[in-house]
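Colleague: Sequence:
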Amino acid sequence: MLYQFFIDANDKDNKVSSKALMILFAVGVIPLILGVDVTKINISIPWLMEVTIEHKDRFVLIYAALLLFSVYRFRLSNTETQRYCRLHSASFFFNSQLLGFLFIKNFIFNKTNIKGVSYNSKKKKEELTFICSDGEYDQRENYGYFYLSINDDGQWEYQLWVAEDMSPCELGFSKYWDLNFDPTVFEGDDLYHHSEYCVIKRTRIKLILRAACCLFSLRAAARDIVCLDYYLPVYCNIGLSMFLVWKYM
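Counting from 1, one number per residue, gives the positions in the sequence shown under our numbering.
Rather than coming from a laboratory, the hints here were simulated on the basis of the structure. On a predicted model such as this, the values are computed, not experimentally measured, just so you know. Glycine included, every Cβ here is placed at the ideal spot set by N, Cα and C. Don't take every hint at face value.
With beta-carbon atoms standing in for the labels, derived distance ranges [stated by the list, open to error]:
| id | residue 1 | residue 2 | range |
| --- | --- | --- | --- |
| 1 | Tyr72 | Leu228 | 17 to 25 Å |
| 2 | Ala222 | Leu34 | 23 to 31 Å |
| 3 | Lys201 | Met242 | 25 to 33 Å |
Using the sequences and the hints given, assemble the complete structure.
Modeller: As structure tokens, then:
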């Protein structure tokens, strides 16, 4: 019965429903708004023996733990949505005039001739695309493409494409990504060489990307209904649980 409460009955994949999380949040936040102290409420049932509860405040802590468990299960059950929201939030970060430009210049392409950053969710593999030219010829054959995505394990991974007669160094590609610049490691086709998808290993870059997704998640939620349905119950329940722990511990 409790298990079914977390499940969206209309979802064929039995994913945890964001509506259930918002109901859990409302159950806890409404008494706080009304000024009701749940630790002082006495419940009397005539046909049951009298039970004295000495630590009523621990019910609140159990409820806070239930909120955190619900959020954890919600995230595990909605990995595809989580991937979409993280990439969508990151796209707002990279398209920002200050923070995104500084990250690209310092950690991706050291040159300033960035042609654009785009997020494509319609491909089989959702990813962010960074386009850069060598600065000499503004032609498609002289572009480099850097792809950033999230794999099935939730890890950030990347791939680099460069024109056949160019090298990553000509594009000012940063060495933070630990790619071998030897052209022989790139698989070739008619116009471009590309590397394999690699998982980001640098802790500094991973921390920056995680912070960027959190920082710009509210902007993504304000402009995308999928992000709103994902981030709102997560942040509301985590915030409420932290408040209850702080108040009743």
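Colleague: Each hint needs a verdict: does it hold in this structure or not?
Modeller: Verification of the hints:
Between Tyr72 and Leu228 the CB atoms are about 20 Å apart, so this pair conforms to the stated range of 17 to 25 Å. For the pair Ala222 and Leu34, the beta carbons lie near 28 Å from each other, so the given range of 23 to 31 Å is met. Look at Lys201 against Met242: about 31 Å separates their beta carbons, and that is inside 25 to 33 Å.
Violated hints for the displayed structure: none, as all numbered hints are satisfied.
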